[in-house]
Amino acid sequence: DSGVTQTPKHLITATGQRVTLRCSPRSGDLSVYWYQQSLDQGLQFLIQYYNGEERAKGNILERFSAQQFPDLHSELNLSSLELGDSALYFCASSVDLLSYNEQFFGPGTRLTVL
Amino acid sequence: GDSVTQMEGPVTLSEEAFLTINCTYTATGYPSLFWYVQYPGEGLQLLLKATKADDKGSNKGFEATYRKETTSFHLEKGSVQVSDSAVYFCALNTGNQFYFGTGTSLTVIP
Numbered sequence: 001d002s003g004v005t006q007t008p009k010h011l012i013t014a015t016g017q018r019v020t021l022r023c024s025p026r027s028g029d030l031s032v033y034w035y036q037q038s039l040d041q042g043l044q045f046l047i048q049y050y051n052g053e054e055r056a057k058g059n060i061l062e063r064f065s066a067q068q069f070p071d072l073h074s075e076l077n078l079s080s081l082e083l084g085d086s087a088l089y090f091c092a093s094s095v096d097l098l099s100y101n102e103q104f105f106g107p108g109t110r111l112t113v114l
Numbered sequence: 001g002d003s004v005t006q007m008e009g010p011v012t013l014s015e016e017a018f019l020t021i022n023c024t025y026t027a028t029g030y031p032s033l034f035w036y037v038q039y040p041g042e043g044l045q046l047l048l049k050a051t052k053a054d055d056k057g058s059n060k061g062f063e064a065t066y067r068k069e070t071t072s073f074h075l076e077k078g079s080v081q082v083s084d085s086a087v088y089f090c091a092l093n094t095g096n097q098f099y100f101g102t103g104t105s106l107t108v109i110p
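First to last, the sequence lines map onto chains A and B. Start counting the first sequence at 1; every next residue gets the next number (my numbering). Start counting the second sequence at 1; every next residue gets the next number (my numbering).
These are calculated hints, taken from the structure and not from any lab test. We treat Cβ as the ideally placed atom computed from N, Cα and C, and that holds for glycine. It cannot be assumed that every hint is accurate.
[To be verified] Pairs of lysine to aspartate or glutamate residues, derived as EDC-like cross-links and limited to a Cα-Cα distance of at most 16 Å, are as follows:
#1 Lys77/B <-> Glu16/B
#2 Lys9/A <-> Glu42/B
#3 Lys52/B <-> Glu102/A
[To be verified] Facing chain A, a subset of chain B residues (Cβ under 8 Å, in silico):
#4 Ser32
#5 Leu46
#6 Asn93
#7 Asn96
#8 Phe98
#9 Tyr99
#10 Phe100
#11 Thr102
#12 Gly103
[Unchecked claim] Have a look at the derived ranges for each label pair, beta carbon to beta carbon:
#13 Thr12/B <-> Gly3/A: 31 to 41 Å
#14 Leu98/A <-> Thr71/B: 17 to 27 Å
#15 Lys60/B <-> Arg18/A: 35 to 45 Å
#16 Phe18/B <-> Ser65/A: 39 to 49 Å
#17 Ala17/B <-> Gln67/A: 44 to 54 Å
#18 Asn77/A <-> Glu16/B: 47 to 57 Å
#19 Pro8/A <-> Ser79/B: 32 to 42 Å
#20 Glu16/B <-> Phe69/A: 43 to 53 Å
#21 Arg22/A <-> Phe18/B: 39 to 49 Å
#22 Tyr39/B <-> Ser65/A: 27 to 37 Å
#23 Gly78/B <-> Arg63/A: 44 to 54 Å
#24 Thr71/B <-> Lys57/A: 19 to 29 Å
Chain B with its partners taken away, still in its complex shape (with noise of 0.2 Å):
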């Protein structure tokens, strides 16, 4: 069936560093994709989204681009900052159901 399998955190970052977290996916037809955040205390909010194959989505210098190819979105960011800090979840819909991943809990210390 339909999946989404999410790199498991916890990931611990200083400021300015890479982010990397791998994303890659199952599925049938030509889903969606999203990486949401949680902040502490929050509900999720949409970080990104790429609707078809090939779409980089980019928000506040984070970008994942849909590739096919691989079934797989992973998140990047070129340098992180401790507001980054949170839970960020990769998501799917295929029209009629939703995935998400497991999350990955990201700390970026000073």
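One chain only, chain A, in its complex shape (with noise of 0.2 Å):
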């Protein structure tokens, strides 16, 4: 158990819809990173936020934003989705924005999308 936790696990839903994906870093860990994971893609950095703010862009679409609470948890969003969506979406957390800190992931949230 890395003591990062995701919500849900597993989500189902249709095109054009719009979902919100849930992560709860590790206790004192103020650095939150999203990734994609994708068959064809691989595993892809999407956005990085440390204490509230955003601190780093990766390949994250216009259409997926994401934001950092007060408490340090984090939401993806993920508007007007598309078949190409799915995905298995991960969070995780590093304790601060030094490059060689391991990041410790969660479980991943499984999103389908019909």
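Take the two lone chains, each set in its own frame, and fit them into one complex as the hints suggest.
Here it is as structure tokens:
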């Protein structure tokens, strides 16, 4: 158990809909990362937050947004969903911003768009 | 741009065989390098890391050396076990961007 929790575990929805994925980082970790894992794209970095502020952006679509709240939990919002958004979404956390620190991954949320 | 290129799988080995999974990277500056492992139905977990050139990361019999001259971070294990069956990811952290390889699936048969 990494200490990172993600809800829900599974999500099935239809094209055009909007969903929210939730992540609680390990106790004491200030940095949260979101990743998308799909069969054809591998593991892609989406976005990073640190202590409530956006710090880095990767391959995140404009239809996707995220935020980190004062209690440090984070939400990833996916809107106008398309079939191609079906994937496993991972949240990870680390203690700070230093590049050599380990990221601890949650178990993931599996999103299926029908 | 920065990137990680990882040996494609799947890889199937017999128990006690020698394992090498190749990983090369492209990066400006001095990134940290990692190997993560993903067991079925689970999230990724850190296997080992190296933060500067010539560092060797090691854990559970796995090793990888940060080679700046060849921009490589190959994963090795001298004698694999059935319990090592998983997907292995090479990763690079530049401090503000994070890149993962495509993953190499390893199956170890008794």
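### Message
Run through the hints listed earlier and report the numbers of any the structure violates, in increasing order.
### Response
none
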